[in-house]
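If you want the building blocks of each chain, they are given just below.
Protein chains: 2
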Amino acid sequence: MNIAILGAGGIGKAAARIIEKKKEVKIVATCDKRGYAIDEKGIKPRKIYSLGKNESVAKIGKSSSDAIGEIIKKSNVIEGILITLPNLPNEFIPSVAKRFLKNGYQGAFSDPLKRTQAMKIMFEMHTFFKKTKSTYITGTGATPGLLTAAAVLAAQSFIKVDNVDIFWGVGIANWEEYKGTIREDIAHLPGYTIKKAKSMTDEEVEALLDKTNGILKFHNMEHADDILLKKIGVVDRLNQVSVGGVMDTRHAKKPVTTTMTLTGKTFDGKTSSHKFMLGDETTMASNVLGPALGYLKRAIWLKENKIYGVFGSTEFMPMVVR
Amino acid sequence: MNIAILGAGGIGKAAARIIEKKKEVKIVATCDKRGYAIDEKGIKPRKIYSLGKNESVAKIGKSSSDAIGEIIKKSNVIEGILITLPNLPNEFIPSVAKRFLKNGYQGAFSDPLKRTQAMKIMFEMHTFFKKTKSTYITGTGATPGLLTAAAVLAAQSFIKVDNVDIFWGVGIANWEEYKGTIREDIAHLPGYTIKKAKSMTDEEVEALLDKTNGILKFHNMEHADDILLKKIGVVDRLNQVSVGGVMDTRHAKKPVTTTMTLTGKTFDGKTSSHKFMLGDETTMASNVLGPALGYLKRAIWLKENKIYGVFGSTEFMPMVVR
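If you read the sequences in order, they're chains A and B.
Per the numbering used here, residue 65 is the first one in the first sequence, and the count goes up by one each step.
Per the numbering used here, residue 65 is the first one in the second sequence, and the count goes up by one each step.
If we strip away everything but chain A, and leave its shape as in the complex, we get (with noise of 0.2 Å):
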C-alpha cells in the first residue's frame, strides 16, 4: 500500500508510529500547512513522527503555501489517501477530497472524521466519487469507527434497536500533542462553537483546562455515529445514538472504559444488551488510527472491485494491515 498522509499534527505521527510496525504499507507523501514531502521510495516514518511542536514537514521535504496542490501534482504514485487534517471548518476535509478527485487522482480514501455536519458533506459527494470510480470510507476512527462498527454487528440479534450508547474514556499525558483534536474536542462543550474552539490560543485552552483540571466532559456529542447507524437501518432516528465521553488531558490513564453499549429487543420479545468494550491500556491513537488503516486498505480493495463512492465504516469490516 502506498500511501499518503495528509497532516502531520498528533493524529498524522501517531499513523507514522503505527505504519512503522506494517510491513505492507509505504508513506509516499505527506504534508502540513507549511510544507510537503513526496517520495515514491518511502519516506521513513520516523522522520515524520520525530517532528518537533513547532516543527513543519517543511523540514524534511520543501516548503509550500499549497502542499495540497503540491501532493495533488505527483497523486499517480497514491494508492490510498489518508485524511488526519483538523476538519475545522466542517467542510475543510471534504473540500479537499474533492480537489484531489477534481484534478484527476482516483484512488482510494480513509477518513476518521467525526462530525455529523462534516460527514453530511461527505455523503453529498457520493455520486461525484462513483463518477470518478474513487472510494472514500469516512468515519473511520474510534468513534464513530471502531465502536460504531461494532454496533452494526451487535445489532444482529435484535428485532429493533432501542438505543446505542458510546461513552469514552481517553487520557492524554500532555494536550499539547493533540492540540488539533483537543480544540475539536472543545468545540463540543456548551458554550463553545467550531469557531471559537479554532480561535483559541494555546494558553486559553490552558486556562480553560486549569479551571476542570485538566478534566473534560461531554455528553450528547455530535458525533456521526448517528448518521452512519441510521443510514444503513440500525436505528430509526439519529437521538437513538448517543456519544459522551470524559478526557483526562493530564494523566495517561483512561477515566473510563470505552465501551459501546447497544440495546435492543430480540424476537423472542426480551431486552437485553451486547457491548464492546476497549481495554484501558490501549490509547486514542491505537483505536483512532489503527481502524483508520484497516478502513484504507478495505477502501483500495473496494476500488480494485470496482465499488466507487462515499460509504460509512459501518458499511464494511476493515481489514487487518500487516
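Hints were generated in silico from the structure; no laboratory data involved.
Please note: incorrect hints may appear among the correct ones.
No copy labels: a pair is met if it fits in one copy or bridges any two.
As the list claims (entries may be wrong) - Straight-line alpha carbon distances no greater than 20 Å define the calculated PhoX-like cross-link-like pairs of lysine-lysine that follow: (1) Lys195 <-> Lys111; (2) Lys87 <-> Lys224; (3) Lys259 <-> Lys295; (4) Lys197 <-> Lys370.
Fit chain B to the given chain A structure using the hints.
Only chain B this time, still in chain A's reference frame:
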C-alpha cells in the same frame, strides 16, 4: 430478499421466527429430509415454525426422498440460500452447495457452519464459486460469526494479536428443540466423534445429560473461528484462537456471559484486551440466525457487485435486515 431455508430443525425454525418480523425477507422454499415446500409468493414463517417435533416439511408441502433436488429444480426463484442443515458429516453442507451450482444455480449463500474441517472443504470450492458466479459466506452464526467478526474489529487497535478467546454460555430450556445442534456439540466432547454423536439415540443423549445434570462443558472446541481469523491475518497460528463454552440443556438462563476477548500488543508496547459481550437475555437463536440473515443479505450484495467466491464471515460486515 427471496430466500430458501434448507433444513427445518430448531435452527431453521428459529430462522422462520426471526424472518416473521422482517419485512424485506420472503421464504420461497424450504425442506427437510422427508419433504419440501416451494411457493414463489412466499411461505408463511408460522407454517414452518409451527411444525411439530416429529413433523416434516412434507406436511406443508410435498413428500420427497430428494427434497434438495426438488428445490434445485425451482432455484431460479431463489436469491439467497440460508443453510440450517445439521452438518454431519463434515462433507454434507459443502456437497449440498456444490450440487446447487452444478445444476446451474447462480446465487448467494449464508451458512452458520461451525466445524474447522467442514469449513476447509468449503474454502476449497472458492474457485468453483468464482467460475459459477455465486457467492458463499461461511461461518455466519455466533461463533464463528458475530464474535469472530468482533475479533476482526478488536484486532484493529493492535500491532500483534496474542490470542483470541471465545467463551460462550448457552441455556436451552428443552434440548429436544435443538437435537441436531446438541449432537454436533456432543461430538466436541472428549471421547466422542461426529459419527458417534450422530448415531446416538435420543435416549442415549438423555442419559448423557442426566449424568451431568444437563450441563455440558467444552474446551478447545474444533470451531472454525481459528481458520477464519488466520485466513485474513488476525492471527498467524491456529492455536492462538480458542473456543469453549458451557451449555445448560435444562434452563433457558445462560450459565456464563458469552464473551470474545482479544488480547494484543499496541504500537506503543502495551498489552491490552478488547472485549465483546453478548447480553445474557439473548438466545442462541438470536445470536446465530440474526447474523446468518445479515450475512445472507451481504452475500446477495456481493454477488450483485460481481464479487464471487467463498468468503468467511470475518471478511465483510453483515448487513442490517429490516
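Each hint, compared with the structure:
Taking the shortest Cα distances, Lys195 and Lys111 never come within 20 Å of each other, neither inside one copy (37 Å) nor across copies (47 Å). For the homomeric pair Lys87 and Lys224, the shortest alpha-carbon distance between copies (12 Å) is at most 20 Å, but the shortest distance inside one copy (42 Å) is not. In the homo-oligomer, the alpha carbons of Lys259 and Lys295 never lie at most 20 Å apart, since the shortest distance is 28 Å inside one protomer and 47 Å across protomers. For a Cα distance limit of 20 Å, the shortest separation of Lys197 from Lys370 qualifies both inside one copy, at 7 Å, and across copies, at 16 Å.
Hints 1 and 3 from the earlier list are contradicted by this structure; the remaining hints agree with it.
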